[in-house]
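Novice: One-letter residues, chain by chain:
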Amino acid sequence: MSRILIIGEHDGRALSIATAKCVSCAKAIGGGDIDIAVFGNGLDGIAAEAAALESVARVIAVNAPHLGAPVAANWAPEAVALAGGYSHILGASSTLGRDLMPRIAALLGVNQVSDIMEVAGPYAFKRPIYAGNAIVDVECAEERTVVATVRAASWPAAAAGGAGAVEQRAASGTAAAHTRYIGLASEGGERPDLQSATRVVSGGRALGSEENFKLIYSLADRLGAGVGASRAAVDAGYCPNDMQVGQTGKIIAPDLYIAVGISGAIQHITGIKDAGTIVAINKDSEAPIFEVADIGLVGDLFQIIPELERLLGE
Amino acid sequence: MKILVGIKRVVDYNVRVRVLPDGSGVDTDGVKMSVNPFDEIALEAALRIREAGQAEEVIVVSIGGDECQQQLRTGLAMGADRAIQVQTGARLQPLNLAQAFMKIIERESPGLVILGKQAIDDDNSQTGQMLAALWDRPQATFVSKIALSGSTATVTREVDSGLETVEVDLPAVVTVDLRLNEPRFVKLPDIMKAKRKPLDVLPLDALGVAVDSNVRISRFAPPAQRARGVMVGDAAQLVQELRNRGLV
Amino acid sequence: MSEREIMEYDVVVVGAGPAGLSCAIRLKQCKPELTVAVIEKSSEIGAHILSGAVIEPGPLDRLLPGWRDDPPPVCIPVERDEIWLLSRSGRRRLPTPPQQKNHGNFIVSLGAMCGWLAQRAEALGVDVFPGYAASGIRFTGDGAVGGVIIGDMGVGRDGQPKDSYVQGIEIHARVTVFGEGVRGHLSKQLIRRFELDRDADPQTYGIGMKELWRVQPGKSQPGLVQHTAGWPLDSHTYGGSFIYHLDKDRIALGFVCGLDYQDPDFVPFEAFQQFKHHPMVRALLEGGEILSAGARAITEGGYQSLPKTEMPGALLVGDCAGTLNVPKIKGTHQAMKSGMLAAEHIAETGAAEGFDAKLRASEVVRELYKVRNIRPAFYKGFWRGFIRAAIETVTAGKLPTTLKVHADDTALRKRAGYTAPDRRWVERDLPPRDRLASVYFAATAHDEDQPVHLQILQPDICATRCVEEYGNPCTRFCPANVYEMVEGTSGRALQINAANCVHCKTCDIKDPYQIINWVTPEGGSGPNYQNM
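Chains as they are written, first to last, in the numbering used here: chain A, 1 to 314; chain B, 315 to 562; chain C, 563 to 1094.
Hints were generated in silico from the structure; no laboratory data involved. For glycine and all other residues, C-beta sits at the position ideal for the given N, C-alpha and C. Any given hint might turn out to be false.
Claimed, not checked - The calculated lysine to aspartate or glutamate pairs, modelled on EDC-like cross-linking and capped at a C-alpha distance of 16 Å, are:
(1) Lys810(C) / Asp450(B)
(2) Lys283(A) / Glu481(B)
(3) Lys507(B) / Asp689(C)
(4) Lys126(A) / Asp548(B)
(5) Lys250(A) / Asp825(C)
(6) Lys593(C) / Glu906(C)
(7) Lys810(C) / Asp437(B)
(8) Lys838(C) / Asp827(C)
(9) Lys250(A) / Asp491(B)
(10) Lys920(C) / Glu910(C)
(11) Lys507(B) / Glu570(C)
(12) Lys838(C) / Glu1031(C)
(13) Lys781(C) / Glu684(C)
(14) Lys316(B) / Glu381(B)
(15) Lys942(C) / Asp796(C)
(16) Lys459(B) / Asp725(C)
(17) Lys459(B) / Asp491(B)
(18) Lys838(C) / Asp825(C)
(19) Lys976(C) / Asp825(C)
(20) Lys250(A) / Glu906(C)
(21) Lys214(A) / Glu139(A)
(22) Lys810(C) / Glu420(B)
(23) Lys417(B) / Asp450(B)
(24) Lys316(B) / Glu420(B)
(25) Lys507(B) / Asp395(B)
(26) Lys750(C) / Glu732(C)
(27) Lys214(A) / Glu309(A)
(28) Lys459(B) / Glu481(B)
(29) Lys273(A) / Asp255(A)
(30) Lys509(B) / Glu684(C)
(31) Lys126(A) / Glu143(A)
(32) Lys976(C) / Glu906(C)
(33) Lys509(B) / Glu848(C)
(34) Lys966(C) / Glu644(C)
(35) Lys316(B) / Asp395(B)
(36) Lys724(C) / Glu496(B)
(37) Lys507(B) / Glu567(C)
Stated by the list, open to error - Distance ranges between label pairs, derived from CB positions:
(38) Lys214(A) / Ile568(C): 27 to 33 Å
(39) Asp380(B) / Gly628(C): 58 to 64 Å
(40) Gln722(C) / Gly121(A): 53 to 59 Å
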């Protein structure tokens, strides 16, 4: 019977949605209890949030000053101290999870499964390799702990509605003297970074000018989204090169990708093939983007975008 | 101080990767192989540290069959002083790789180990972190800036919510991200010089690392093709659809 | 900028194609103590090689006896030949002319074969350097060629050095062998500077486009060699197709259009795609997938267009000079022979002088002479060409006349007063949907932050004269969609998507004003063909 421990992720103020996605994955693995461990300094609100996720049996909160920052060298030993009795230890495939989980795996003497996309059984998973150009079936030995990260774009967030219990535990280790967290320069205020944004709005050459691109920025701001562009728009000088999405630009996998006036050349599609939901708005019904878009709207972007923005504001 | 840089032989990033029809792997027949792009960035970082006078020797290490000597020679041509091949015919998983690397660390006592943040074939992003755990030393991952000062390194890490600054005591493991630097091109004469630089071959079993893994890849498949979805008639319907799907 | 570092060799070979590599191998065989370097602009040997290809093994047998025990990676003995004349929906089998009888020949991937040749060259001590582009010629004090200059790398689009900047070195050599292939950019300069084409007709070319497909099991008949003529081309556009059946359910197919076509609105890529939709071809391809795609110009001028192939300090080998045999549609054996002859000459004399005479007395040029009138016969249209070709074949080229070869850039008719033939082309649904999708399969890569390697010598012509006279044909003849006329803030202007370029050289050849000058981009840029 599986017993799953999720290493919770937070920014000191709120639980990350990535943890809720780990819960969905844990449910798919099935079996017995799903517990969440949170490490930090001042965790009450966060622990409560975690306990309120559906299907969570228990939240183990380990509070200590040296755990306030997500330093893998400090968090990993805590996870290892709790690991006994769990068949699976999961983390998100965020930068935090990717930094932390392999250290836990090595301390437990096991390999890690990175970026679980699909669960085929309690010890069988699918994950992407070669930037998603191949999907592999991975099998884990049942007698060893499974340590894995969960691919955010592949899982929904578990809903609230649970009533798990919160347990306080003392930290088992002390601060690793060799690593000192200095600070975080958040990208807040500005738009989310294109590479990591969960929503992205992109514009293509159809926008017609650098001036017109403000339609894209405006819609993005309404959605709290990052902004991207097709190669054609960048080549035409409508926006800077670092906004380019595609084979020779950035390869991204947001939950929502809205392509405005982008024809959908294969080079662009390569950059977004792992996006959760692709929305395409284009006046050409034959544009190849409609072959891969989950939701398509044929029409004049200059009318549709302002209208969209208005409706989303309501 | 010595710097160890791990480099991996991978399918070139320009290659259109294809899964073999029988699902046994990816088609690498006649395919161009190169140094993992992140590892080139790692090596460039090491070379710049040496050129700034903060290290004496840069050693490139690769774990694999004799084919990887081609990539080690590329590393030497870029400017590494020495190369070590840990020779094995097995395709190792990250934990074994970290264990093998640990043996090299024990031999060489480096002050810094720099790796790419992930290999573009397996996309695991584990080896550096595992190595740091086995070595019981700091890990600074996804680094986009490194500054050395005496026996500490101050790094900037690219994390989801922004840029994190961390200070670590050496020796430490650093894994590098794309924006750290742009690796230098190799000058032709340096290719010739590289042929004369030392390349040591150490068989894996002689290092005392047992090859095993609790994780096994059983099958390869191409990704699901995205298909045409639904068409909506106007902006209002689009918003409705997005709301229904919980996307806005 | 500091003075360039220098490396010295006895011989430097520019281009790791069949001509260059055969030359390098033969040099070491003849005189092992010679120091030989081969420099190649593609990132890996074979990455810029695109050819059908059915090859005659004669030169291989001479150069590497025993090669059959360790053949190149893709090498299928020819089993059968078929020639077809296509109409829009039908086909008629034609008798196989002697030049197309391929018994004893092999279907190969020329790219894979070049990789295989390069390994053998290195084993003999040749220094092979992929990823380095010869961007200039080094001249000695007396005006002779004294080697080449490697292009600077890590230069930004604005011409300024980037972080990764490395200055290109100079390679000094007593003899430089140019094996750049068709319309080499350095050979172009040399031909002009030394007036090597003074006594020759202009060179004429074709554009060859190719796709490698994996088809459904059972559809490929390994060893089958098929060629077609007729539809989708009209009777005044020279060209035809090839379909070569390989192993592992793979088929190499392609299409050649003579670049002396007249219709300014003709799109060679479209002709290739139409051909794939002929029922005979469609049946093969349906349900399959494209593995690789690309394009490269071929030389068609043969004997009449052969320039002088020697100059002080250097020689031209292979299609740099234009040794391809058009009716055979084979150039590899000729390229190899010319490379080997060059090697033997250099080993014997230590100089370039005297090579041209030897080449003209050799079987390479004898072969070209025999078929010299076949391609020009088609200037008067398909049927007259066909008849003349038959006569030339039967008389083995012994008739006393030699037809003149014309240039391609002057063949294009102006839009005013020209009516294109009714092509009767069909709706298409096989991939790739367009040139941009096709380019994806060429895996072509150029760092976008580098100087644009397609130089337009008089850019104001595009939006003024050319748009009126020809309707900007570069937007149509380029197989990679490099050229686009876009509406900008100040009217229509030429946009160059240099990153798409597959290094085919068609634009340099066909542009009616001859203002497009192709130069080499940074070493390692360009297509990454696999098994092409």
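Novice: Now, for every hint given, state plainly whether the structure supports it.
Specialist: Results of checking the hints against the structure:
Only pairs whose Cα atoms come within 16 Å are accepted, and Lys810(C) paired with Asp450(B) is rejected, the gap being roughly 50 Å. Of the pairs offered as hints, the one joining Lys283(A) and Glu481(B) is violated, with about 52 Å between alpha carbons and a cut-off of 16 Å exceeded. Annotation: proposed proximity of Lys507(B) to Asp689(C) holds, straight-line Cα distance about 13 Å (limit 16 Å). With a C-alpha separation of about 37 Å, the suggested pair Lys126(A) and Asp548(B) falls outside the 16 Å cut-off, and the hint is violated.
Restraint check: the Cα-Cα separation between Lys250(A) and Asp825(C) comes to about 40 Å, which exceeds 16 Å; the hinted pair is violated. Between Lys593(C) and Glu906(C) the alpha-carbon distance is near 9 Å, which keeps this suggested pair within the 16 Å criterion. Annotation: proposed proximity of Lys810(C) to Asp437(B) is violated, straight-line Cα distance about 29 Å (limit 16 Å). For the hint linking Lys838(C) to Asp827(C), the alpha-carbon distance of about 20 Å lies beyond 16 Å, and the restraint is violated.
Taking the CA atoms of Lys250(A) and Asp491(B), the gap is about 14 Å. The hint holds against a cut of 16 Å. For the suggested pair Lys920(C) and Glu910(C), the alpha carbons sit about 12 Å apart, so the restraint of at most 16 Å is met. Among the hinted pairs, Lys507(B) with Glu570(C) is consistent with the structure: their alpha-carbon atoms are about 14 Å apart, no more than 16 Å. Restraint check for Lys838(C) and Glu1031(C): not satisfied, since their Cα atoms lie roughly 31 Å apart, outside the 16 Å limit.
Under the criterion of a C-alpha separation no larger than 16 Å, the hint pairing Lys781(C) with Glu684(C) is inconsistent with the structure, at around 38 Å. With a C-alpha separation of about 25 Å, the suggested pairing of Lys316(B) with Glu381(B) is violated against the 16 Å cut-off. A distance of roughly 12 Å separates the Cα atoms of Lys942(C) and Asp796(C); the hinted pair therefore holds under the 16 Å criterion. Between Lys459(B) and Asp725(C), the direct Cα distance comes to roughly 15 Å. Compliance with the 16 Å bound is thereby established for this hinted pair.
For the hint pairing Lys459(B) with Asp491(B), the CA-to-CA distance comes to about 9 Å; that is within 16 Å, so the pair holds. For the hint linking Lys838(C) to Asp825(C), the alpha-carbon distance of about 21 Å lies beyond 16 Å, and the restraint is violated. The hinted pair formed by Lys976(C) and Asp825(C) meets the criterion: a straight-line CA distance of about 8 Å does not exceed 16 Å. Distance check on the hinted pair: Lys250(A) and Glu906(C) sit about 51 Å apart at the alpha-carbon level, beyond 16 Å; violated.
Our distance criterion of 16 Å between C-alpha atoms is broken by Lys214(A) and Glu139(A), whose separation comes to about 48 Å. The hinted pair formed by Lys810(C) and Glu420(B) fails the criterion: a straight-line CA distance of about 48 Å is larger than 16 Å. Between Lys417(B) and Asp450(B) the alpha-carbon distance is near 14 Å, which keeps this suggested pair within the 16 Å criterion. For a cut-off of 16 Å, the pair hint linking Lys316(B) to Glu420(B) stands: about 12 Å separates their Cα positions.
For the suggested pair Lys507(B) and Asp395(B), the alpha carbons sit about 11 Å apart, so the restraint of at most 16 Å is met. A hinted pair counts as satisfied when its Cα atoms are at most 16 Å apart, and Lys750(C) with Glu732(C) does not qualify at roughly 20 Å. Between Lys214(A) and Glu309(A) the alpha-carbon distance is near 12 Å, which keeps this suggested pair within the 16 Å criterion. Under the criterion of a C-alpha separation no larger than 16 Å, the hint pairing Lys459(B) with Glu481(B) is consistent with the structure, at around 12 Å.
For the proposed pair Lys273(A) and Asp255(A), the alpha carbon gap of about 11 Å is at most 16 Å, so the pair holds. Taking the CA atoms of Lys509(B) and Glu684(C), the gap is near 13 Å; set against the 16 Å cutoff, the hint holds. About 20 Å separates the Cα atoms of Lys126(A) and Glu143(A), which puts this hinted pair outside 16 Å; it is violated. For the hint linking Lys976(C) to Glu906(C), the alpha-carbon distance of about 48 Å lies beyond 16 Å, and the restraint is violated.
For a cut-off of 16 Å, the pair hint linking Lys509(B) to Glu848(C) is broken: about 49 Å separates their Cα positions. Our distance criterion of 16 Å between C-alpha atoms is broken by Lys966(C) and Glu644(C), whose separation comes to about 30 Å. For the given pair, Lys316(B) sits about 10 Å from Asp395(B) by alpha-carbon distance, which is consistent with the 16 Å threshold. Of the supplied pair hints, the one linking Lys724(C) and Glu496(B) holds, its CA atoms being roughly 9 Å apart against a limit of 16 Å.
With a CA separation close to 14 Å, the supplied pair Lys507(B) and Glu567(C) stays within the 16 Å bound. Taking 27 to 33 Å as the suggested C-beta distance range, the pair Lys214(A) and Ile568(C) does not conform, at roughly 54 Å. Remark: the range hint 58 to 64 Å for Asp380(B) to Gly628(C) is contradicted by a beta-carbon distance near 24 Å. Gln722(C) and Gly121(A) have their C-beta atoms about 57 Å apart, which keeps the hinted 53 to 59 Å range intact.
The structure fails to meet hints 1, 2, 4, 5, 7, 8, 12, 13, 14, 18, 20, 21, 22, 26, 31, 32, 33, 34, 38 and 39 from the earlier list, while all remaining hints are met.
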